[in-house]
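Chemist: Using the sequences and the hints given, assemble the complete structure.
Chain order of the listed sequences is A and B.
Take any residue in the first sequence, note its place counting from 1, add 1038, and you have its number in our numbering.
Take any residue in the second sequence, note its place counting from 1, add 188, and you have its number in our numbering.
Derived by calculation from the structure, the hints in this document are not laboratory data.
Here the structure is a predicted model, which is why all the values come from computation and not from measurement.
Each hint should be verified, as a subset may be incorrect.
[Stated by the list, open to error] Here are some, though not all, of the chain A residues that point toward chain B, as calculated from beta-carbon distances under 7 Å:
| no. | residue |
| --- | --- |
| 1 | Ala1100 |
| 2 | Ala1108 |
| 3 | Met1142 |
| 4 | Ser1148 |
| 5 | Pro1179 |
From the three backbone atoms N, C-alpha and C, an ideal C-beta is built for every residue, glycine too.
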Amino acid sequence: MPRKTYTKAMNEALDLCLKKDPSVFVIGLGVPDPKGIFGAISGLKKKYGSKRVMDMPIAENAMTGICIGAAINGMRPVLTHQRVDFSLLALDQVINNAAKWYYMFGGQQSVPLVIKMTIGMGWGQGPQHSQNLQATYAHIPGLKVVMPSTAADAKGLMISAIEDNNPVIFIDHRWLHDTFGQVPNGHHKVPIGKAKVIKKGSGFTIVSTSYMTLEIMKALPLLEKLGIEPEVIDLRTIKPLDEKTIFNSVMKTGRLLVADLGHREFGVAAEIITRVSENPKIKLKVKPQRVTSPDYPTPSSPALSANYYPRHTDIALKVVEMLRRDKKEITRLIAEEKKFNKIPSDVPDERFMGPF
Amino acid sequence: MVVSKLTSLYKKILLIRLVEEAVAERYQEREMRCPVHLSIGQEAVAAGVCEKLKKDDIVYSTHRCHAHYLAKGGDLNRMIAEIYGKETGCAKGRGGSMHLIDLEVGFGGATPIVGNSLPVSVGAAFANKLKGNKKVVVAFLGDGTTETGVFHESLNFAVLHNLSILFVCENNFFSVYTHIKERQHTRPIYKLVQSYGMEALQSDGNDVESVYKAASKAIKRIRSGKGPIFLEFLTYRHREHCGPFYDDHLSYRDQKEVKMWFKKDPVKNFENYLLNKKYLSSDEAEKIKTGISKNISKAFQFAKKSPFPKLEKEFEKLIYAS
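Modeler: Put into structure tokens, the structure is as follows:
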């Protein structure tokens, strides 16, 4: 399987769907511009023309309504926002129309619409450019919410989202865009609503979403040195939630930690922990825990944001804590790692120069 | 105008008036358990505009949608059943009075948030353009919508892409109890729209014949690919914003204004005009009324007899399409 970036994988999915189905079109602010939505749309206008791949006025609410109107009349629009935060201007159309159209008219028309939005992070983007609002959308019946964390899933879930007959919120994280992964060729679909056990383990379950999966992968070598081998579930779809995969794992391990970049209160982690706690068949050995962003807006200053986002070290510490193990060894390992790993906390890697 | 066209318009406005009056009369039985925003007084705009549309042209509407639904040929039985919350309703009882839909006759749906259905109708016209067909979309809106942000966004896009859509604004001067002068500058709505680079006109909304003429001209032009047009019709609601009653004892409307507009009753005046000009005999008028009343009675019987929707156990199937 060829190795490709997450962005290239999204681009390939859009390319395949545009090619296969003439009712698909891509629309969004800056879609055909030189940066091509962080590269996800690059080259597609040249290939499919401005009737299929197009820019739009700065009018998120009407444009969402327009895409809904097009969707119920035979089209399959993909609407993009360069930041999740911008999508908030369109909540009337998303929540009142896209999510409800199928139900409120007795199932006569569905809304096959994908709204792709990017979560920003780091580089001082601050309170209005780096929010994680997956729980906001996942709260609404009628929407589906996907958050792929690997290149292969970015491709597979994008194709599934476009082919789904319902509105799908597709959330990609800026810090995943340049990550590489093996991406299957051709019409590779990943089912919506299916989580994936990305690492088998025992005695501990970690459920994670989006970019946090990457942080968990970084935490694993630290934990391994202590002989801790947790099972890791990449959620991939937030709504509908694949509780079966989570239950199966936690039933076996008896311990649950959820990592999600949303705020702590009323978030994705809270929902998963509730569902596990409600399940009478699951006996937990220790109270379930969550690693999330704190309950205040993202600060801009690098000094303030350094401690804002949960990182792999927080996850490793939390796991050790939940296992009631001595924290001395993990603290030493983290300190040692910090000596060698001098990457600033506000960029994914040292070479990263934007666009942010 | 040929007599058959005048008769057809008469049947349409009369149907709307009589259905709305029947809803108002029976509303107090408390079996129609959802809000109703009656179109009484505003029938001419719906009838005059929809008369010129083809079956597969699509209409979208607002909370005050009964007139538009009926004028486009929406099924009466299924409308009344919907208001009664029955499984046989046009939205299977999920939507109620404010969510009428009849796709078979091109009534694409109504939604009750001010400005909410406007971009959806623009999107329908956008789909028509992308698919390359000649269908026309009509977006009904009230004066209140012209104050929303989405109004600006939607009109800008419609002009930008030269879409085949007719915007029909029923300016009844009131948003619930608030007069338009409390909400907008005094320049007329159609003048605001002209600044978008769109053709926009204002006309009497209580004379069904002149509504029909204005709409016909506009629809012909739109269908020839010349882009969107905005028609502002001045009209007046007879009853309260929401519900079956008259509410002028609340004194929120100027009494002179109310009297003036009641004199301009679109149904009575048109009927008198047809009788005076002998386009219609009183016998014929009576026959038409009796026929419509019979259908209305049948529709209420149908609604009352119809079953309620069953309690939903597997609600996921109702929320998501397969």
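Chemist: Answer holds if the nearest beta-carbon of chain B is closer than 7 Å to that of Ala1108(A); otherwise answer violated.
Modeler: Given a least distance of 4 Å, the restraint on Ala1108(A) holds.
Chemist: With a cut-off of 7 Å on the beta carbons, see whether Pro1179(A) makes it to chain B.
Modeler: This interface hint holds because 5 Å falls under the 7 Å limit.
Chemist: Checking hints one by one. Is Met1142(A) an interface residue toward chain B, by the C-beta closer than 7 Å rule?
Modeler: 5 Å, holds
Chemist: When the nearest CB of chain B is found for Ala1100(A), is that gap smaller than 7 Å?
Modeler: 3 Å, holds
Chemist: Ser1148(A) was flagged as interface toward chain B. Is the shortest Cβ-Cβ separation under 7 Å?
Modeler: At about 3 Å, which falls below the 7 Å cut-off, the nearest Cβ of chain B leaves the hint on Ser1148(A) intact, so it holds.
Hint check: no violations occur; every hint is consistent with the structure.
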